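Heads up: the protein sequence lines correspond to chains L and W, in order.
Here the working numbering is used: the first residue of the first sequence is 1, the next is one more, and so on.
Here the working numbering is used: the first residue of the second sequence is 190, the next is one more, and so on.
Treat the hints as calculated values from the structure; they're not laboratory data.
None of these values were measured; they are calculated from a predicted model.
Every residue, glycine too, gets a C-beta built ideally from N, C-alpha and C.
There may be inaccurate statements among the hints.
With a cut-off of at most 27 Å between alpha-carbon atoms, the simulated DSSO-like pairs for lysine-lysine come out as follows [unchecked claim]:
no.: 1; chain 1: W; residue 1: LYS274; chain 2: L; residue 2: LYS59
no.: 2; chain 1: W; residue 1: LYS245; chain 2: L; residue 2: LYS56
no.: 3; chain 1: W; residue 1: LYS243; chain 2: W; residue 2: LYS223
no.: 4; chain 1: W; residue 1: LYS243; chain 2: L; residue 2: LYS59
no.: 5; chain 1: L; residue 1: LYS85; chain 2: L; residue 2: LYS139
no.: 6; chain 1: W; residue 1: LYS274; chain 2: W; residue 2: LYS215
no.: 7; chain 1: W; residue 1: LYS245; chain 2: L; residue 2: LYS143
no.: 8; chain 1: L; residue 1: LYS137; chain 2: L; residue 2: LYS85
no.: 9; chain 1: L; residue 1: LYS54; chain 2: W; residue 2: LYS223
no.: 10; chain 1: W; residue 1: LYS245; chain 2: W; residue 2: LYS215
no.: 11; chain 1: L; residue 1: LYS26; chain 2: L; residue 2: LYS2
no.: 12; chain 1: W; residue 1: LYS191; chain 2: W; residue 2: LYS326
no.: 13; chain 1: L; residue 1: LYS54; chain 2: W; residue 2: LYS248
no.: 14; chain 1: W; residue 1: LYS191; chain 2: L; residue 2: LYS139
no.: 15; chain 1: L; residue 1: LYS143; chain 2: W; residue 2: LYS332
no.: 16; chain 1: L; residue 1: LYS143; chain 2: L; residue 2: LYS131
no.: 17; chain 1: W; residue 1: LYS248; chain 2: L; residue 2: LYS56
no.: 18; chain 1: W; residue 1: LYS215; chain 2: W; residue 2: LYS248
no.: 19; chain 1: W; residue 1: LYS328; chain 2: W; residue 2: LYS274
no.: 20; chain 1: W; residue 1: LYS215; chain 2: L; residue 2: LYS143
no.: 21; chain 1: L; residue 1: LYS56; chain 2: W; residue 2: LYS326
no.: 22; chain 1: W; residue 1: LYS274; chain 2: W; residue 2: LYS191
no.: 23; chain 1: L; residue 1: LYS2; chain 2: W; residue 2: LYS328
no.: 24; chain 1: L; residue 1: LYS2; chain 2: L; residue 2: LYS131
no.: 25; chain 1: L; residue 1: LYS34; chain 2: L; residue 2: LYS59
no.: 26; chain 1: W; residue 1: LYS245; chain 2: L; residue 2: LYS85
no.: 27; chain 1: W; residue 1: LYS332; chain 2: L; residue 2: LYS85
no.: 28; chain 1: L; residue 1: LYS59; chain 2: W; residue 2: LYS248
no.: 29; chain 1: L; residue 1: LYS143; chain 2: W; residue 2: LYS328
no.: 30; chain 1: W; residue 1: LYS245; chain 2: L; residue 2: LYS54
no.: 31; chain 1: L; residue 1: LYS131; chain 2: L; residue 2: LYS85
no.: 32; chain 1: L; residue 1: LYS59; chain 2: W; residue 2: LYS245
no.: 33; chain 1: W; residue 1: LYS274; chain 2: L; residue 2: LYS2
Residues of chain W placed beyond 10 Å of chain L at every Cβ, according to the derived structure [stated by the list, open to error]:
no.: 34; residue: LYS191
no.: 35; residue: PRO206
no.: 36; residue: PHE231
no.: 37; residue: GLY241
no.: 38; residue: PRO242
no.: 39; residue: GLY244
no.: 40; residue: ILE273
Number of protein chains: 2
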Amino acid sequence: MKTVPVGVSARHIHVSPEHIEILFGKGYELTNFKDLSQPGQFAAQETVTIVGPKGKFEKVRILGPARPSTQIEVSRTDSFALGIKPPVRESGYIEDTPGLRVIGPVGEVELERGVIVAARHIHFHTSDAEKWGIQDKQKLRVKLHGERPLILEDVIARVSDQYALDMHIDTDEGNAAGVNTGDLAELLE
Amino acid sequence: MKTVPVGVSARHIHVSPEHIEILFGKGYELTNFKDLSQPGQFAAQETVTIVGPKGKFEKVRILGPARPSTQIEVSRTDSFALGIKPPVRESGYIEDTPGLRVIGPVGEVELERGVIVAARHIHFHTSDAEKWGIQDKQKLRVKLHGERPLILEDVIARVSDQYALDMHIDTDEGNAAGVNTGDLAELLE
Numbered sequence: 001m002k003t004v005p006v007g008v009s010a011r012h013i014h015v016s017p018e019h020i021e022i023l024f025g026k027g028y029e030l031t032n033f034k035d036l037s038q039p040g041q042f043a044a045q046e047t048v049t050i051v052g053p054k055g056k057f058e059k060v061r062i063l064g065p066a067r068p069s070t071q072i073e074v075s076r077t078d079s080f081a082l083g084i085k086p087p088v089r090e091s092g093y094i095e096d097t098p099g100l101r102v103i104g105p106v107g108e109v110e111l112e113r114g115v116i117v118a119a120r121h122i123h124f125h126t127s128d129a130e131k132w133g134i135q136d137k138q139k140l141r142v143k144l145h146g147e148r149p150l151i152l153e154d155v156i157a158r159v160s161d162q163y164a165l166d167m168h169i170d171t172d173e174g175n176a177a178g179v180n181t182g183d184l185a186e187l188l189e
Numbered sequence: 190m191k192t193v194p195v196g197v198s199a200r201h202i203h204v205s206p207e208h209i210e211i212l213f214g215k216g217y218e219l220t221n222f223k224d225l226s227q228p229g230q231f232a233a234q235e236t237v238t239i240v241g242p243k244g245k246f247e248k249v250r251i252l253g254p255a256r257p258s259t260q261i262e263v264s265r266t267d268s269f270a271l272g273i274k275p276p277v278r279e280s281g282y283i284e285d286t287p288g289l290r291v292i293g294p295v296g297e298v299e300l301e302r303g304v305i306v307a308a309r310h311i312h313f314h315t316s317d318a319e320k321w322g323i324q325d326k327q328k329l330r331v332k333l334h335g336e337r338p339l340i341l342e343d344v345i346a347r348v349s350d351q352y353a354l355d356m357h358i359d360t361d362e363g364n365a366a367g368v369n370t371g372d373l374a375e376l377l378e
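Based on the provided sequences and hints, a complete structural model is requested.
Now the structure itself:
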């Protein structure tokens, strides 16, 4: 059985250097709170409030390091509570997506775009992908062995020698199956 | 293709006659707000607030008619927000489940038990089940053709001549797939 560790992502935000300065003050640098599974990525100490037309969430974790464009990843459940309808997208593809208001301790930003529901995907190190015969961008089927077992289709393979083996799903997907970060999923043929 | 209409259930509560009187007053009768897919079942006009150790939800819809035991059905996502850990159960099986505080306009009830995450299931009229060769309690596999397609395993068949064909899933499952009430799911062989 080919198994892949699961990482369940709660709502979070990647912030551009410009927006970090607006939200937290000039020259501000994010603080590493905890390393994430992908090399160089970290959960920051800092959080923000995100505000939509219908609702808001406080203490939304920033993931670092800073990125060229600010991007907010929410679950479909979150999007209903916020009152917006973001598309399911791969990270980085934020054309024609809705925005939100982002409030930090020093200032706030009205995003014109940047909110997505992250498309589920698996990060493969090149060596894992070669061993299992998997190509970058390939769509995979993955079984989650939780309290309510289910099979995810169209799971996108992302292959790089900068990646560590890990499947990223959101809280809707994790809770629908009853799996948690660190559980093992089964890659189907 | 064997298709089944989907009903996505948001958090809701079934209330006993005794608890209706405590919450709404002596002799109170529920008001039918909207008929549901199953004959005789309805969404009531009335709502309550449910309160857990960590959070609460207001305007939780009562489904009628009254039942012998009060039962609250929440999603796994809801259960984290409330701060309780209800098991995945078929409706009616509330032994060893957590409770919640329920607040109505007149009074309130501290439930000792009754909170579950409803196990997904399909109601089949006897004639549908005979046509497709499905037995009561059989476990089925069902494909959801939403924005994020997935296959649900262990979907419980419930067969009765009192039922209308309908699959019941919760908001975590609906949102993980991106399906809504009225969409069609595919019953797999």
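Given the hint that LYS143(L) pairs with LYS332(W), test it: the Cα-Cα distance must not exceed 27 Å. Roughly 13 Å between the alpha carbons, so the hint for LYS143(L) and LYS332(W) holds.
Take the C-alpha atoms of LYS137(L) and LYS85(L), compute the straight-line distance between them, and say whether it is at most 27 Å. Holds, because 25 Å separates the two Cα atoms, which is no more than 27 Å.
Take a quick look at whether LYS245(W) and LYS143(L) sit within 27 Å of each other, Cα to Cα. The hint is violated at about 33 Å.
Assess, step by step, whether the Cα of LYS274(W) is no farther than 27 Å from the Cα of LYS2(L), and give holds or violated. The given pair, whose Cα atoms are some 30 Å apart, is violated under the 27 Å limit.
Between the alpha carbons of LYS131(L) and LYS85(L), is the straight-line distance 27 Å or under? Answer violated: LYS131(L) to LYS85(L) is near 39 Å, above 27 Å.
Hey, LYS243(W) versus LYS223(W), does the alpha-carbon distance stay inside 27 Å? 31 Å, violated
Tell me if the straight-line CA distance from LYS215(W) to LYS143(L) falls inside 27 Å. Measuring from Cα to Cα gives roughly 51 Å; hence the hint is violated.
Separation of GLY244(W) from chain L, once the least beta-carbon distance is taken, above 10 Å: The assertion about GLY244(W) holds, with a minimum of 13 Å to chain L.
Holds or violated: LYS274(W) and LYS215(W), Cα atoms, limit 27 Å. Violated, because 33 Å separates the two Cα atoms, which is more than 27 Å.
For the pair supplied as a hint, LYS248(W) and LYS56(L), is the alpha-carbon distance within the 27 Å limit? Holds, at about 18 Å.
Is the Cβ of PHE231(W) more than 10 Å away from each Cβ in chain L? 24 Å, holds
Is it true that the CA of LYS245(W) sits at most 27 Å from the CA of LYS56(L)? 16 Å, holds
Taken one by one, the earlier hints fail for this structure at numbers 3, 6, 7, 11, 20, 21, 22, 31, 33, listed in ascending order.
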